[in-house]
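**Q** We have chain A already, so just place chain B with the ligands on it with the hints.
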Amino acid sequence: MPGILGIYPFGLGRENWRLARFVYYGLLALQHRGQEIASIITFDKELHNVTKKGFVDEAFDEKTINSIPGFIGVGFVSPTEEQTPIEVSNPLGLILVGDGKPELEEDVRESWRAFAELLAEEIDRTKNALRAALNIIEKVNGGYSFIALTENQELIAGRDVHGVKPLEVGSLGFDLGAVASESSALDVLGMEHIACVKPGEVVKFDPYSIERGRVKGADKVEPKYCSFEYVYLARPDSIINDIPIYKVRESIGVMLAKEHPVKADIVIGIPETAIPFALGYSKSSGIPVSLGFVTTGRKVRTAIKPSIFERLVGVQLKLNPIKCVIDGKDIVLIDDSVVRGTTLRNTVWNLKRKGARRVHVRIGSPSLVSSCPYGIEIPPPDELIARALDEREIAEVIGADTFSFLSIESLCKAIGLPCNRLCLSCWRRRT
Amino acid sequence: MKVMGVGGGAREHALAEAIARSTHSPKIYWVSELRNPGIYRIVKQSGGEYALARTTDAIKVAELAEKWNVDMVVIGPEEPNFHGVPDEVEKRGIPCIGAKRSLSIIEMSKAEMRRLQWRFNIPGKLLFKTYRSYEEAIEDLEKHADTLTWLQNVALKPARQAGGKGVKVVEDLQVYLRSEKKQFKKRHIRWIEQYMKKYGDIEERILIEEKVWGPEYTLQCFVDGRTVVGMPLVQDNKHAYEYDIGPETGGMGSYTGRGYLLPFITKEEYDRSLEIVKAMVDAIQRITGERYHGFIAGQMMLTEIEGPTLIEMYSRLGDPEGVNVMAMLKTDIVDIFEAIIDERLSKIKIEFAEVATVVKAMAPKGYPDFRDLAKNHPVYVDEKAIEKAGCKLYWGSVHLKEDGSMVTGGSRMIEILAFGESPQQASIKIERCLSNRPVRLLDGWELFYRSDIGSEEMIRKRTEIAERVRRLYKYREERGILGKRVDWHPKIGKIDPVKNLLDELKVIRS
Ligand SMILES: Nc1ncnc2c1ncn2[C@@H]1O[C@H](COP(=O)(O)OP(=O)(O)O)[C@@H](O)[C@H]1O
Ligand SMILES: [Mg+2]
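Top line first, the protein sequences correspond to chains A and B. Under our numbering, think of the first position of the first sequence as 1, with each following residue one higher. Under our numbering, think of the first position of the second sequence as 1001, with each following residue one higher.
These aren't lab readings, by the way, just hints derived from the structure by calculation. On a predicted model such as this, the values are computed, not experimentally measured, just so you know. Incorrect hints may have been included.
Ranges of calculated distance between the beta carbons of each label pair, as one might list FRET restraints [stated by the list, open to error]:
(1) K45(A) to R1092(B): 54 to 64 Å
(2) R430(A) to E1456(B): 33 to 43 Å
(3) T402(A) to N1153(B): 44 to 54 Å
(4) E222(A) to R1054(B): 53 to 63 Å
(5) V1498(B) to K63(A): 37 to 47 Å
(6) T64(A) to N1153(B): 23 to 33 Å
(7) D237(A) to Y1260(B): 36 to 46 Å
(8) E15(A) to N1436(B): 28 to 38 Å
(9) T64(A) to Y1260(B): 53 to 63 Å
Straight-line alpha carbon distances no greater than 35 Å define the calculated DSBU-like cross-link-like pairs of lysine-lysine that follow [to be verified]:
(10) K1388(B) to K198(A)
(11) K1384(B) to K220(A)
(12) K63(A) to K1211(B)
(13) K216(A) to K1388(B)
Covered by chain A, per the in silico footprint, the following chain B stretches (three or more residues, Cβ under 8 Å) [unchecked claim]:
(14) 1166-1172
(15) 1176-1182
(16) 1239-1248
(17) 1364-1370
(18) 1444-1457
Don't be surprised by glycine CBs; every beta carbon is placed ideally from N, CA and C.
Just chain A, same shape as in the assembly (with noise of 0.2 Å):
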């Protein structure tokens, strides 16, 4: 889930622009997707990568934005230390970024290393980019997005067949192109957001044209969207594949009270995910929806945040109840999702402490029973409580007096997709 940026200048002094900043505050866009690493890569004469721990706007200040040079910009964010920017220099020097995982090795990390190898050598053979990363993508099968810069100046950026994760095209003015994870890391940047880059499809930037191919057959084969960007990765904000964000995560809050219905004085989501589910399931239920929860410090991905120990106070500082609008009420609370429930637990506790009378859970995704194959970080599928337990227990271990998930088929329904042109692997259970 990492996100990944390009920023590529076009046409009469390309070389005048210094595109670090450009590529700062697109991270910034980026930052939900990893808050573990940030990196801009950028290239003048010659590769450079600044690599560094933590959220994007510690690990940059305007000291080190201002001093780094270079007119075309790559940026990564990610959610694990361990995977940084893969840099090659032989047979070609190169530095590429990716989300998702090529199915190379055992290992996230390995395998973006042997896909960055490969590709290197693949140009190297070929002496065209694009055809290059066609051929890598033919071969290597996963769920996976990347950019590559290379020392002649040429932007890579493609997608698996099945177009698992996601990969988006803008542009600004007469002068820059550029490729996102996310299309509102585009908005942040005054971009046009245009398209979605197509499953195993690959554009190239070089410096006098932009070329696009897509791997033979790729239009056959029937796409495998990561259902969890959409209840969950992306921002609200984004576009993805043409499908807008906010609309599936209403639509989701409408499935649930049809599915789930219950009587109630308030619906609340959960901050910051959870709203639009709210605001869909009042809609729908015609329950009003109230501001349940205020936050404190930085948006952080309880979920995937590696300790225990950071977890909660991850939740204890994000989440304090409104103590006047929950009091003596029958609440609906919605979730994104539950991995370990703990946090859940937290916030029902907190809720029943100020006064809710009854609590029922409602969650805007199916159970999460598996991990990801594609390199989302979910902890191991024992550690899952949906693995572990029904909803009948989850809700009589978390003190809710309901707890329901969202079904599979809801899910698809509220992205608009037939379930077999997605990506469900998590909510399924594999042995």
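**A** Then chain B with the ligands, alone, in the frame of chain A:
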């Protein structure tokens, strides 16, 4: 009957082809700077002659017309108009289809065009300012930095037509990117100043115009001094590369709907656009006292602030837009030319085929901004294969050498046209044709073209934007505030930039 043409690009090839279709079976004569292989063939087949010369050399061109004793001359590109070729030809008693020098100012000077539009209060205007130097422009921009005036979001242009080059559009909406944008503006204004030095014929160098957004379209017309006859709308695509990314070009491809309208422009918008062009013709004729005989075009954009809006005018057909309409034209073009010369356009019927068209240009890598790289590559074209695929070939910037070999001239090399029930269908036809690589450079240098022109996705995108803009300008219209702008400056208070502009232009409003 002898007809002579001027100019050597794909647009002129399409003109030559239309002339060759005439039932008058004219002998065709041509003059251009490079020997266009397509035009050359048409000329030879008609029994005419082809000469190489600087097409801006009015005397030279007029002498050729006299020597060949032609019945009329038709001008393709804009520069001959700017240099008074039509004036010189007509001085010798030979009728010319082409805007005279003083008339062509509406294209040559974007500033004059705008002033004319404001003076005559013709709809579809944009706020603008001109500057003679970098310092002047920068000083003014600095003065307005961080104020709520239209100067925040601007188009920076060379004040003189510079061959479809040098326009940059800068939106300054992200405070955090302000320093980058400022640097960019400064660099570009400096560039414009330097670039304009090579044209001695204009004093204002830099034009800054309010930035607008919306779908663009071109309305090309025949004019005879009394009547303006509109042709089917065409949309050209200026960005060099796929997805509408990259530098401004003369146009990488264009399409028409079936008939007069594009899929995203209404009949009412067409009519309003035509009224604008007519009013501009009236205005320029009134100011100069000359009669406009030839082609004129409005390069339009649908905008929130004004509805159908003039971005610039052409004193000629567009390229590639001219190729679309010439291929669709059913009426004998020589009849039309004669009607223009006799000023009786209103008496004849001009018809276009009810078919969609797509044109895609192919250019050597390096075009548009690094033309030296794009020059002098040997060209191979399998004309049979193109024809077999149901497409038509128009030669552009290619020079046919004496020994029969061909090399690139550095600009758009060829244009391929296909007809279809819809632009989408025509676009697919061209894609299929080009996938077999019938056009190549023999030294291995690469060509590029845009696969997305006329595609389903492109038209969907344009339609979406058109609908968004239409909602906005219609609403303004209902409220009676179409064209109204309000700025605010902390030291001055509310500002009416329209009033300021009119004051500056010394227009007395009734
Ligand atoms: N005021 C403006 N606002 C927004 N875009 C503009 C504006 N003026 C020009 N453009 C864009 O720049 C392009 C080129 O501008 P134009 O005035 O037609 O100059 P050129 O002579 O280079 O064709 C237009 O096709 C349009 O896309
Ligand atoms: Mg133009």
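**Q** All hints, please: hold or fail.
**A** Hint-by-hint comparison with the structure:
1. K45(A) to R1092(B): 54 to 64 Å: 58 Å, holds
2. R430(A) to E1456(B): 33 to 43 Å: 38 Å, holds
3. T402(A) to N1153(B): 44 to 54 Å: Holds, since T402(A) and N1153(B) (Cβ atoms, about 53 Å apart) stay within the stated range.
4. E222(A) to R1054(B): 53 to 63 Å: Given range 53 to 63 Å: holds, Cβ gap about 60 Å.
5. V1498(B) to K63(A): 37 to 47 Å: The hint (37 to 47 Å, Cβ to Cβ) holds, given that V1498(B) and K63(A) are roughly 45 Å apart.
6. T64(A) to N1153(B): 23 to 33 Å: For N1153(B) against T64(A), whose Cβ atoms are near 30 Å apart, the range 23 to 33 Å holds.
7. D237(A) to Y1260(B): 36 to 46 Å: 39 Å, holds
8. E15(A) to N1436(B): 28 to 38 Å: Given a distance of about 37 Å, which is inside 28 to 38 Å, the answer is holds.
9. T64(A) to Y1260(B): 53 to 63 Å: 57 Å, holds
10. K1388(B) to K198(A): Cα-Cα ~31 Å, so holds.
11. K1384(B) to K220(A): Satisfied, since the Cα-Cα distance of roughly 32 Å is no more than 35 Å.
12. K63(A) to K1211(B): The given pair, whose Cα atoms are some 33 Å apart, holds under the 35 Å limit.
13. K216(A) to K1388(B): Holds, because 25 Å separates the two Cα atoms, which is no more than 35 Å.
14. 1166-1172: holds (count 5)
15. 1176-1182: With 4 residues close enough to chain A, the hint holds.
16. 1239-1248: holds (count 10)
17. 1364-1370: holds (count 5)
18. 1444-1457: holds (count 4)
Of the numbered hints stated above, none is contradicted by the structure.
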